[in-house]
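Q: Listed below, chain by chain, are the residues.
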Amino acid sequence: MIQTVSTISLVLLAISLVFCAYRAITGPTMPDRVIAVDTIGTIFISIIGVFSIKLNQPHYFDSALIIAILSFSGTVALGKFLIKGECFDRDID
Amino acid sequence: MIEILISILILVGSLFVLVSSIGFLRFRDIYSRMHAVTKATTAGVCLTLMASLLYFSSHGNGINGKTVVIILFLFITAPVGAHVISKAAYFTGVPLCRESVVDEFKEHIKKP
Amino acid sequence: MNSLILKTVATPVLYLIVSFSVYVFFRGHNNPGGGFIAGLLTAGAFVLQYLSFDSKTVKSNFSLNWKKLIPVGLILALGSGLGGMILGYPFLSHSFGCFYLPLIGELELATAIIFDLGVYFVVLGTALTIISVIGGKD
Amino acid sequence: MTIVISPFVFGLIVLPFLHKIKLRFHKWVGIVPLVLFLTILKYKSSIINGNIVSEAYQWVPSFDVSLSFRLDGLSFIFALIITGIGFLVVIYSKKYMHSESAISRYFSYILLFMSSMLGVVLSNNLISLFVFWELTSISSYLLIGFWFYKEKSRYGAWKALLITAGGGLAMLAGFILMYTVTGSFEISQILSQKELIKSSPFYLTILVLTLIGSFTKSAQFPFHVWLPDAMEAPTPVSAYLHSATMVKAGIYLLARLNPVLGGSSYWFYMVTFTGILTMCYGSIMAIRQRDLKALLAFSTISQLGLITSLLGVSTETAVIGAVFHIINHAAFKGSLFMVTGIIDHEAGTRNLDELGGLGRKMPFTAVVALIGALAMAGIPPLNGFISKELFFEAVLVDGWAGYVLPALAVFGSIFTFIYSMIFVISPFLGTYKPKEKTVHEAPWGLLLSPMILGVTNLALGIYPKLVADIISKGAANILGKYVDAHLSLWHGFNVPLLMSLIVISFGCLLFSRLNYVKHIIEKIQMKKINLNKLYDLFQTGIPKFAGFITEKQMTGFLRDYLVYILSFVFLSVGLTSLFFMELSIPNLNLERIDVYEYVVAAIMVVSSIFLLFTRKRLIAILILGVIGYMVSLFFVLEKAPDLALTQLIVETITLVLFLIAFPHLPEITEENSKRSTKIINAAVSILTGLTVTFLMVYSKAYKIYESVSSYYIDNSLLLGGGKNIVNVILVDFRGFDTMGEITVLGIAAFSVYALIKLRLGGRKYE
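Residue numbers (this note's numbering), protein chains in the order written: chain A, 1 to 93; chain B, 1 to 112; chain C, 1 to 138; chain D, 1 to 766.
There could be a bad hint or two in this list.
[Unchecked claim] Restricting the straight-line Cα-Cα distance to at most 30 Å, the calculated cross-link-like pairs of lysine-lysine (DSS-like) are:
(1) D:Lys-194 x D:Lys-44
(2) D:Lys-700 x A:Lys-54
(3) C:Lys-56 x B:Lys-39
(4) A:Lys-84 x C:Lys-59
(5) A:Lys-54 x B:Lys-39
(6) D:Lys-757 x C:Lys-59
(7) D:Lys-552 x D:Lys-533
(8) D:Lys-639 x A:Lys-54
(9) D:Lys-533 x D:Lys-523
(10) C:Lys-7 x C:Lys-59
(11) A:Lys-54 x D:Lys-723
(12) D:Lys-757 x C:Lys-7
(13) C:Lys-7 x B:Lys-106
(14) A:Lys-54 x C:Lys-56
(15) D:Lys-757 x C:Lys-56
(16) D:Lys-94 x D:Lys-42
(17) D:Lys-616 x A:Lys-84
(18) B:Lys-106 x A:Lys-84
(19) C:Lys-56 x A:Lys-84
(20) D:Lys-639 x D:Lys-700
(21) C:Lys-7 x A:Lys-54
(22) D:Lys-42 x D:Lys-465
(23) D:Lys-152 x D:Lys-544
(24) C:Lys-68 x D:Lys-757
(25) B:Lys-39 x A:Lys-84
(26) D:Lys-95 x D:Lys-150
(27) D:Lys-757 x C:Lys-67
(28) D:Lys-616 x D:Lys-518
(29) D:Lys-757 x A:Lys-84
(30) D:Lys-518 x D:Lys-152
(31) D:Lys-152 x D:Lys-465
[As the list claims (entries may be wrong)] Derived contacts from chain A toward chain D, CB cut-off under 7 Å, selection only:
(32) Thr-26
(33) Tyr-60
(34) Ser-63
[Stated by the list, open to error] Among chain B residues calculated to face chain A with C-beta under 7 Å, some are:
(35) Leu-49
(36) Met-50
(37) Phe-91
Note that these hints are calculated values from the structure, not bench results. Note that the Cβ used here is the ideal one computed from N, Cα and C, for glycine as well.
Generate the whole structure from the sequences, applying the supplied hints.
A: If you want it as structure tokens, here you go:
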């Protein structure tokens with residue numbers, strides 16, 4: 001029961017992954033692509049969640065957490081970059 | 001009983017994610033796309049993680065705290081990420097789509 | 001432009017990530033983790049800091065000079081290697097044993113942890129030196 | 001063992017230390033060689049009745065290289081020469097160099113040389129012999145270049161080092177080949193398995209390589225160029241290194257390996273004819289020299305040629321003659337060099353044109369010079385005559401060589417006779433040319449050692465039995481069978497005596513018409529292919545060629561470097577595997593791969609193709625991010641959490657790094673690179689891609705070596721104490737590699753820091 005359900009949800013997630021990838025590649029404006037990459041990261045976490053259920057292996061949550069952390073910092077970096085052209089500014093009073 | 005609950009959670013979660021990516025695909029401008037994506041995907045992912053939390057608490061060796069941490073972390077970071085990106089989009093002059101009606105942010109904006 | 005939201009979020013996230021990386025570090029011997037990943041994680045956390053605040057404030061908050069971490073790490077790694085030699089074993093040979101700590105209970109520690117700590121510091125130092133030099137021009 | 005090490009210790013550590021505390025100890029430095037000489041002499045009795053003294057110390061047990069020493073007849077003779085001549089040279093140079101400021105440095109070099117030379121002669125292990133051999137080259141480099149402020153001596157030192165060390169390398173190759181054949185480096189074992197080497201297919205290569213090593217060291221014909229330039233060294237050094245000991249190392253090697261390599265026709269033709277050729281060439285060139293030391297240098301080359309040819313013949317008389325001549329040559333050549341030193345010291349010049357009529361001013365030196373020269377020329381009362389007789393007797397070999405060899409020998413000896421006459425007559429007799437310095441008899445210090453050598457020449461000449469027993473022992477070692485040397489001044493009327501008479505008569509005749517002879521040689525001397533020019537061409541040519549290559553390769557475009565590297569990968573891996581490995585399409589068990597892995601793979605392929613056509617750099621970075629995530633997803637699907645973690649973090653950190661570096665990167669200019677570069681790039685990338693996939697598939701399908709992972713799986717918990725095998729390997733089993741990696745990481749960080757700071761420093765940042 002669990003196995004079949006997790007396979008179905010994996011397929012669904014894979015499809016949504018394809019949509020995001022499409023948006024990442026075509027994406028008219030730059031922020032679209034940034035958001036696309038961010039969502040790919042988040043979908044990634046759900047894939048890992050379902051996958052660990054399927055395999056009954058709780059070890060993958062570390063990578064899931066790391067993806068969450070780091071896709072966030074990626075998005076923030078890209079955001080700042082889009083606005084200011086450089087991410088690290090020296091000093092703002 | 002737990003099995004059914006977990007499978008329902010997984011299915012609903014992945015459906016949420018699917019719906020959000022469809023929305024991501026179909027909406028016309030960046031701002032509405034962001035609505036769809038950030039909110040729905042985060043909800044979907046949290047549901048799936050809840051499912052895995054339940055699954056491992058019943059099958060595996062007790063509740064592993066990581067899933068809770070992930071859910072917490074996602075709740076914190078998703079909106080902030082979206083906020084930064086929308087600000088970036090707005091300041092780089094991404095136009096609102098034709099149908100959008102009002103833009104309050106324009107008045108009290110000062111160019112960075 | 002640095003939005004207030006980002007600033008407020010940055011610090012709690014920093015503590016979250018650093019605690020997670022410490023967790024990953026100590027767990028490294030038995031399941032996925034280890035010095036290398038923990039080092040990079042902490043580097044990621046500090047990158048977030050650099051992103052949200054400017055490098056001046058980051059420098060003031062954390063008076064750590066990243067370049068100094070690298071030699072510290074190398075000395076640690078070398079020290080743990082030489083330790084084995086003092087007892088007559090060949091260079092870099094590690095041993096492990098179970099210790100009973102009052103609070104935490106039965107703990108299984110390996111001398112490799114010191115070597116791992118060395119790796120942790122070097123990786124952290126390297127990543128942040130490069131990032132801070134290219135980015136912050138401090 | 002203590003014999004070899006003591007001068008080493010004394011020279012390198014004691015002397016500089018003493019020099020520092022201003023104790024002018026170098027007055028008594030002579031004691032060291034004297035003490036050594038006596039200790040070696042003590043072994044004489046045990047050597048005579050045949051037992052061999054040997055000691056061995058483990059050095060690198062895994063390659064069974066050991067510092068093992070062995071004193072038998074041959075090395076006994078050489079050790080005596082080294083320490084004896086060493087002692088005389090040290091006394092001589094105390095007087096000769098006392099005006100020199102860096103005299104303690106000079107003596108430490110001399111002692112360094114002495115110990116390395118003793119090491120060569122006494123070592124029983126090929127590798128330790130090689131190490132000491134190179135040490136002699138280094139110490140000769142230091143000694144030739146002693147007056148380093150003179151450009152000529154630097155040039156000479158460098159040339160000597162280059163040629164001798166180069167030869168040494170070839171010799172090392174020969175030794176290692178010998179090791180592969182016999183399975184041990186110990187000379188004693190190799191000597192016992194001589195049939196094995198002679199019959200092995202490598203015999204010729206071993207022979208050639210070892211010969212190169214010894215010919216370069218003993219300045220035989222093609223490699224003799226460095227010896228004349230080595231005369232820039234202070235005269236006592238030339239007396240010690242470049243006449244008596246160092247140049248004989250090559251001869252020693254030939255003698256020591258004679259039983260192993262000798263006996264075959266290759267050996268006979270190669271060694272004998274190089275020897276005879278060098279002898280004639282050396283003696284002819286010696287006549288044309290204007291500088292006394294250069295004359296002696298070429299005469300050393302010809303005498304060494306003589307000994308090598310004797311070793312080439314390697315009959316009983318030849319070997320006895322060779323060993324005897326080694327001793328004689330050391331004696332008379334040493335004294336002649338010291339005499340030149342005296343002339344140079346007193347008259348201020350060594351040029352034959354400016355010298356003349358010193359006989360009246362320096363009677364004693366004249367007598368000593370006369371004894372030395374007569375010994376070299378091979379005139380009856382002296383030892384030179386006996387070894388010349390033995391040489392002529394040995395040269396009478398059967399077969400067609402029996403006619404050519406004696407003719408060349410006589411021809412060479414005639415010229416030897418002539419240049420010995422030149423050495424005696426022109427400086428000492430004839431009209432006295434006034435010098436700015438008032439010439440007077442040399443002080444006793446300078447005269448003592450040549451006098452001793454002169455006396456030994458006379459003694460050996462009149463009563464050769466003195467050394468007969470040692471020589472027979474030495475010859476026995478060379479030939480590997482018992483030899484009884486019966487040396488006597490008078491051999492009765494036989495062909496060698498006749499040949500000597502011819503030599504003497506022709507010598508006097510030609511000497512009288514010297515300028516005419518020189519004129520003829522001048523003409524036939526080929527100007528173009530002068531070996532020195534060849535060496536200089538070699539010296540300047542290589543840097544120019546290297547410059548050309550680097551310029552061609554270092555174009556400054558990262559793209560070109562990639563093309564070079566990748567095409568090399570393809571050529572080396574792809575082509576070799578295509579030709580050498582029998583290839584069949586391995587069966588990839590595809591059914592194991594699940595459906596969603598295909599999806600992930602598809603995304604990767606699509607995005608990487610899209611990557612090709614992006615124009616904006618930011619999009620490229622993003623797509624790279626996507627590909628990175630897909631790879632880490634693969635790791636997750638393949639159940640490798642550690643890898644997934646690392647890949648993810650690295651992916652995002654690089655993403656951030658790219659963004660940080662973005663403002664520094666130049667804009668993507670519309671590369672209007674011509675079609676040809678595009679095609680090359682495409683071709684190279686496709687081919688490399690194919691090679692890599694091929695490698696992956698091939699390595700997966702064919703298990704040539706059983707995988708090592710089983711070892712790690714079952715005892716990572718036992719030994720490493722951790723269940724996470726990857727981490728245990730990283731930290732514990734392969735700790736050393738990780739140590740290396742983190743050091744490299746540190747260095748990378750510092751270099752980035754330095755580069756950025758440098759670049760920023762240059763441009764004043766606002």
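Q: Determine for every hint whether it applies to the structure shown.
A: Hints, verified against the model:
1. D:Lys-194 x D:Lys-44: holds (28 Å)
2. D:Lys-700 x A:Lys-54: Between D:Lys-700 and A:Lys-54 the Cα gap is close to 27 Å, so the pair holds against 30 Å.
3. C:Lys-56 x B:Lys-39: Between C:Lys-56 and B:Lys-39 the Cα gap is close to 35 Å, so the pair fails against 30 Å, i.e. violated.
4. A:Lys-84 x C:Lys-59: holds (21 Å)
5. A:Lys-54 x B:Lys-39: holds (26 Å)
6. D:Lys-757 x C:Lys-59: holds (18 Å)
7. D:Lys-552 x D:Lys-533: holds (28 Å)
8. D:Lys-639 x A:Lys-54: holds (12 Å)
9. D:Lys-533 x D:Lys-523: Answer holds: D:Lys-533 to D:Lys-523 is near 18 Å, not above 30 Å.
10. C:Lys-7 x C:Lys-59: holds (15 Å)
11. A:Lys-54 x D:Lys-723: holds (23 Å)
12. D:Lys-757 x C:Lys-7: holds (29 Å)
13. C:Lys-7 x B:Lys-106: holds (24 Å)
14. A:Lys-54 x C:Lys-56: violated (48 Å)
15. D:Lys-757 x C:Lys-56: Holds: D:Lys-757 and C:Lys-56 sit about 18 Å apart, inside 30 Å.
16. D:Lys-94 x D:Lys-42: holds (27 Å)
17. D:Lys-616 x A:Lys-84: The given pair, whose Cα atoms are some 17 Å apart, holds under the 30 Å limit.
18. B:Lys-106 x A:Lys-84: Distance ~19 Å between B:Lys-106 and A:Lys-84 Cα, so the pair holds.
19. C:Lys-56 x A:Lys-84: Distance of about 18 Å is within 30 Å: holds.
20. D:Lys-639 x D:Lys-700: Answer holds: D:Lys-639 to D:Lys-700 is near 18 Å, not above 30 Å.
21. C:Lys-7 x A:Lys-54: violated (39 Å)
22. D:Lys-42 x D:Lys-465: Holds. D:Lys-42 to D:Lys-465 sits at ~19 Å (cutoff 30 Å).
23. D:Lys-152 x D:Lys-544: holds (22 Å)
24. C:Lys-68 x D:Lys-757: holds (17 Å)
25. B:Lys-39 x A:Lys-84: holds (27 Å)
26. D:Lys-95 x D:Lys-150: Given pair D:Lys-95, D:Lys-150 holds - Cα atoms ~22 Å apart, limit 30 Å.
27. D:Lys-757 x C:Lys-67: Status holds; Cα separation ~13 Å.
28. D:Lys-616 x D:Lys-518: Roughly 81 Å between the alpha carbons, so the hint for D:Lys-616 and D:Lys-518 is violated.
29. D:Lys-757 x A:Lys-84: The hint holds at about 23 Å.
30. D:Lys-518 x D:Lys-152: Holds. D:Lys-518 to D:Lys-152 sits at ~26 Å (cutoff 30 Å).
31. D:Lys-152 x D:Lys-465: Distance ~44 Å between D:Lys-152 and D:Lys-465 Cα, so the pair is violated.
32. Thr-26: Nearest chain D Cβ about 9 Å off; hint violated.
33. Tyr-60: Interface hint status for A:Tyr-60: holds (6 Å vs cutoff 7 Å).
34. Ser-63: holds (4 Å)
35. Leu-49: Status holds, d = 5 Å.
36. Met-50: With a minimum Cβ separation of about 9 Å from chain A (threshold 7 Å), the hint on B:Met-50 is violated.
37. Phe-91: holds (5 Å)
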